[in-house]
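Student: Starting from the known structure of chain L, fit chain G onto it as the hints suggest.
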Amino acid sequence: MSDRSLAFTRRKFLASSTLCAAASIAMPSILRAQEAGVKLGILHPVSGALSYSGTQGRLGATLAIEEINAAGGIKGLGKIDPMLGDALSTPEGGTAEVEKMNSAGVAAIIGGYASAVCLAVSQAAARYDLPYVVDVGVADAIVTRGLKNTFRFGPGFGVIAKTALDNLAEINNHAGKPAKTVMIVHEDSLFGSGLAKLLNTQLPQHGFEILETIPHPTPTRDFNNVVLKIKAQNPDLVIPANYYNEYVLLARTMQQQRVKPKGIYSVLGGAASSYKFVKEFPDAAKYIMDCNHWFDPGSPKALALKKKIEDKGQFYTYEVYMNYSCVMLVADALARAGAADRAKLAAALESSTFSGHVMPYGPTKFVNGQNQGAAPVNTQVLDNDIKVVLPANFAQAKPVFPIPA
Amino acid sequence: MFSPVILITAILNGLLTGAVYALVALGLTLIYGVLHIINFAHGALLSAALFAAFFAFHLLGLDPYLAALLLAPIFFGLGYAIQRLIISPASHGDDRNMLLVTLGLSVVIENALLYAFRADTRTIDLPYAFQTIDLGFTFLPIPRLIGFCVVFAVALVLWAIMRRTDVGKAIRAVAKEKLGAQLAGIEVSHVYAVTFGLGTACVAIAACLLIPTFYVNPSVGEAFVLIAFTIVVLGGMGSVPGALVGGLVIGVVESLSGLFLGESLGQIGIFLIFIAVLLVRPTGLFGARA
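Those sequence lines, one after another, are chains L and G. My numbering numbers the first residue of the first sequence as 1 and each following residue consecutively. My numbering numbers the first residue of the second sequence as 406 and each following residue consecutively.
Extracted from the complex, chain L is given alone in its bound form (with noise of 0.2 angstroms):
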């Protein structure tokens, strides 16, 4: 460096001290009372292929943030600063962005979407003991690994897959066991192929026989093949395990072969319990069952988030309830910690019991990063509406099931 250079810096810091100096002997009493605010990491795949449930994810999360900031902030420590990480739909692309959330100094990151991303994410995470929400990934790897910084609020893939099977025999017993051959298509990464072992493993202990897994990697452009394979074997019930676009391939080109199945159950359907699914495409969407994510309907609170979502003319989608949820947790916790130190934050967030949220979740308690009162729920598409038709304590509906022909 020069001398010219040094001399430069020396007076610039020399007169930008002086000013500050003056600022704070001018106005002591806004600076003392301003609180230093939080910065939290808002982390989602808002490009590539999971972008549209990323940018759903970020539009909770932030929308959390506005209500938090517009009540005056966090108690004790002011308005919550978002930092907004897109992970581009990839795990490399997540882990850049938690070493940039880091070097920023956040407390904490929400989001994360898919379980490959969260997967990374948590990892990369610990390694600076930085507190990580996820919102949605599913993959119970996420929280077994004994990573002390992880917590998830809602339900994963064991407890999900348990409740949709119990769920799926109970509906098929009470209509008379119509259902015998089932078909599983699934989506080829992490989630799909999870899944997909998951239920080939347990569906013949509720004595159904699986035809044929078929898996399709993501983004797929056409369904026909799968859809003649189906055609082919005729199940009873098919199983999709896949995201939003090609779920929605998948149920336009059966209705468009006539393949007509007497259940179409999803677990964690990617559109199955989707509000723009069923306005844009009804007729393809009609009596499909889900167990999913899903927001309480008998809370004030989740519908009036509803209503607020819809104003916006967007969808009320699982990801956005979700996050929303993941940082109002968050910033429960931090009122809790009283500061935005990481290792107060942690354990503010594993002693937590968050309630008066928008889910329909048992009382909150962490136990190694996992929430024991996440479960999800059955949903069917009934009415042109998405009804919650399982588990009783919640539902809106009975379930409509074997398909009226």
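The hints are simulated quantities; they were obtained by calculation from the structure and are not laboratory data. One thing to keep in mind: the hints can contain errors.
[Stated by the list, open to error] Among chain L residues calculated to face chain G with C-beta under 7 angstroms, some are:
hint, residue
1, S51
2, A232
3, N234
Backbone N, C-alpha and C fix where the C-beta goes; we use that ideal spot for every residue, glycine too.
Tutor: Chain G only, in chain L's frame:
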């Protein structure tokens, strides 16, 4: 093993899908044949055209097939302007620069779309989108049948332009011998821009054929362009009939390998062909010897 009915249906589906691939590849191969560059912005332009078709339907109420009549000339103009005002001045006459400029353009176009329309996946719902023709043993989707016919009509028109008009003659002259064409009084930069415009117009028509049954988001074009590259190599760089036949072959291969190997491995068939063609017949099926 699959029954013959399923195999025939898969082949028919492959042909219908392949026709649209072929149209995307037609644009790419035209541009390659004349400008000798691989147009990396092709996919981004396809995404842009899909958005245009989407908004033509939503804002103007234009049926996608009618919108093709409007969008093809608009995208011809757009392609012409891109080549004349951006690629040509920025590349200073060097082919390698042109390649990089198209790569940069693709990044800019895609991100501009992302900025303007967000990452939402959008679809349109047409009353006939789900209609099928019953062949007795299978159902053929009407929108894809229309697409198939339109692709052949477009290919015929392109062929006529290339063979029967002065512009076509000029394009072929520039493709064969740039300096010679220049000496004969052909304005090379104009021919370049016309070719780029024709390639972009092909993309616009392909978009109008896709939108009734497909979705649009800012990165949707990429998926098609990788396949289109393979088709161009298979059919022969710069060959119009090559792109057409290549598209159909790739469509059938994709469909059959998807059926036998599963959708996840379905693309393997395409890329095996890609490698085999490069090894055995680098000029492609219809390519001229270098």
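Student: So, for every hint listed, does it hold in this structure?
Tutor: Here is what the structure says about each hint:
no. : hint : in the structure
1   : S51  : holds, 3 angstroms
2   : A232 : holds, 5 angstroms
3   : N234 : violated, 12 angstroms
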